[in-house]
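Q: Read off the chains here:
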Amino acid sequence: MSHPARRKPEYHKINKDLFVLTYGALVAQLCKDYEKDEDVNKYLDKMGYGIGTRLVEDFLARSCVRRCHSYSEIIDIIAQVAFKMYLGITPSVTCNNLSRNEFSLILDKNPLVEFVEELPAGRSSLCYCNLLCGILRGALEMVHLAADVTFLQDRLKGDSVTEIGITFLKKLDEKKYRRKK
Amino acid sequence: MAIFSVYVVNKAGGLIYQLDSYAPRAEAEKTFSYPLDLLLKLHDERVLVAFGQRDGIRVGHAVLAINGMDVNGKYTADGKEILEYLSNPANYPVSIRFGRPRLTSNEKLMLASMFHSLFAIGSQLSPEQGSSGIEMLETDTFKLHCFQTLTGIKFVVLADPRQAGIDSLLRKIYEIYSDFALKNPFYSLEMPIRCELFDQNLKLALEVAEKAGTFGPGS
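As given, the protein sequences belong to chains E and P, one line each in that order.
For the first sequence, the positions run 1 to 181 when the UniProt record's numbering is used.
For the second sequence, the positions run 1 to 219 when the UniProt record's numbering is used.
All the pointers check out, no bait thrown in.
One-sided excerpt, in silico: chain P residues whose CB lies under 8 Å from chain E:
#	residue
1	L150
2	L182
3	K183
Treat the hints as calculated values from the structure; they're not laboratory data.
Using N, Cα and C, we set each Cβ at its ideal position, and we do this for glycine too.
Turn these sequences into a full structure, and let the hints steer you where they fit.
A: Take a look at the structure:
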């Protein structure tokens with residue numbers, strides 16, 4: 001794993017509660033605007049996608065990670081560097097599939113759901129943190145990796161852990177030349 | 001000024017940002033009387049000196065301004081053709097400013113996309129697989145440094161050959177891009193960057209780089 005940036009990274013701290021409450025307000029408003037859970041999930045994913053495409057450059061600029069040569073390296077970096085940098089948590093990584101392109105991130109602590117007890121009645125298939133899935137999908141796409149990111153298990157829905165599944169699809173071709181990843 | 005220009009090229013090879021920060025070096029303004037002893041010719045929509053080099057006015061310099069007013073290609077600011085204007089003795093004495101012709105923005109766009117292609121050729125020519133593209137291009141008057149991010153954006157800096165610390169400057173420009181361009185919610189990706197904060201911070205970073213010579217670990 002490469003060391004953090006040569007210059008000490010400047011993290012301007014804000015109150016975590018403010019961030020968590022803002023996210024909660026976002027989801028609550030989407031729930032008011034859209035009846036169906038699938039719609040809310042879809043829009044959370046879309047918003048996350050927009051964030052991910054921009055956040056990835058910030059991540060790459062600040063963390064100076066080297067080019068990865070395998071999917072497991074990429075997942076390790078996401079879990080140990082990216083999540084640590086942005087959410088302060090380090091999910092654990094498991095590999096679900098022998099052909100090495102399905103992975104899971106198990107989050108034992110999720111700061112976004114700190115104040116949520118359970119999903120409201122009638123919203124049983126809401127993926128509260130779907131923004132994270134969109135962010136991961138957007139970020140991976142910007143480095144030319146198409147991936148499917150979904151919540152496999154969710155504590156809010158009664159499962160024992162929160163698990164994000166990442167399935168790498170075929171590598172997106174860069175138009176003029178191919179770089180080795 | 002040791003750092004001459006900064007170019008930012010998007011994934012498709014289009015120029016999305018350009019900054020020139022060199023003071024115009026050889027510019028000469030002189031008053032002339034009829035007949036003009038320089039031979040001027042029209043080339044590429046500009047009026048250049050073809051012969052008659054003297055006093056700081058060199059062959060290849062373009063007419064930049066007539067009587068203090070900047071010219072517009074081959075026309076004066078009033079819309080008259082320069083060559084016609086200067087062949088009329090009634091318009092003399094006239095003060096003309098000559099200097100090295102600046103690149104127009106179209107030319108810069110074209111050069112950026114050409115560099116984008118050369119960059120790709122650089123990585124294909126390599127005997128090793130997975131090579132990077134062109135990282136540095138050196139001439140006797142400047143060095144071109146290029147940094148390509150993992151997402152395909154290229155940051156190109158043209159600097160004095162003796163200037164050190166361009167690598168850290170390129171990383172710093174990447175950070176500034178990720179902060180002030182990308183985090184601006186109204187900026188669309190891959191589009192030309194028109195963000196004030198990006199401009200300001202970039203100029204600041206260039207100044208710091210020139211003074212310090214390098215971004216050390218303590219700065």
